[in-house]
Amino acid sequence: MLIIRLAGLFFAFVQITLALRLVLPFVEVPEGLLEFVPPLLEITDLWLLPVEVIAERFEITGLAESIAEVGEASVSGPEEFEPQIIVAMILWGLIAWFSLFVLRLVFRPAR
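Under my numbering, the first residue of the sequence shown carries the number 176, and numbering increases by one thereafter.
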């Protein structure tokens with residue numbers, strides 16, 4: 176059961192960091208928290224990697240070009256809304272659902 180809880184915490188961490196990056200362009204970050212923005216962007220870039228790979232492979236409505244442009248931008252913070260974050264949140268939600276479903280089947284307690 177510990178593995179299932181740790182997996183749930185990992186997927187919650189993924190969703191929370193993606194949600195923070197989603198709202199980042201719409202809020203003013205206090206000066207005390209500015210040092211946390213670059214690490215947040217680096218971590219969420221890892222979570223966006225599956226979306227980038229899929230977008231480049233299938234060229235979904237020109238999304239690959241906009242992802243490449245955003246990836247080449249500075250690390251100071253996103254300046255405008257990034258739609259690939261929503262796609263990544265949905266993708267990671269589906270991955271979490273499937274993974275937790277399988278983990279519950281594998282680690283089902285014996286009756």
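Mixed in with the good hints, there may be bad ones.
[Stated by the list, open to error] Label-pair restraints from in silico Cβ distances: (1) GLU203 with ILE229: 24 to 34 Å; (2) GLU254 with PHE276: 31 to 41 Å; (3) MET176 with GLU206: 41 to 51 Å; (4) GLU255 with PRO214: 33 to 43 Å; (5) PHE185 with GLU210: 22 to 32 Å; (6) ARG279 with GLU206: 24 to 34 Å.
These aren't lab readings, by the way, just hints derived from the structure by calculation. A virtual CB, placed ideally from N, CA and C, is assigned to each residue, including glycine.
Okay, the hints, checked on the actual structure:
1. Against the hinted window of 24 to 34 Å, the Cβ-Cβ separation of GLU203 and ILE229 comes to about 33 Å, which satisfies the hint.
2. Distance hint check: the CB atoms of GLU254 and PHE276 are about 38 Å apart, consistent with the given range 31 to 41 Å.
3. Against the hinted window of 41 to 51 Å, the Cβ-Cβ separation of MET176 and GLU206 comes to about 43 Å, which satisfies the hint.
4. In this structure, GLU255 and PRO214 break the distance hint of 33 to 43 Å, their C-beta atoms being roughly 21 Å apart.
5. Checked against the given bound of 22 to 32 Å, the beta carbons of PHE185 and GLU210, roughly 24 Å apart, stay inside it.
6. Under the hint 24 to 34 Å, the C-beta atoms of ARG279 and GLU206, about 44 Å apart, miss the expected range.
Against the hints set out earlier in the document, violations occur for numbers 4 and 6.
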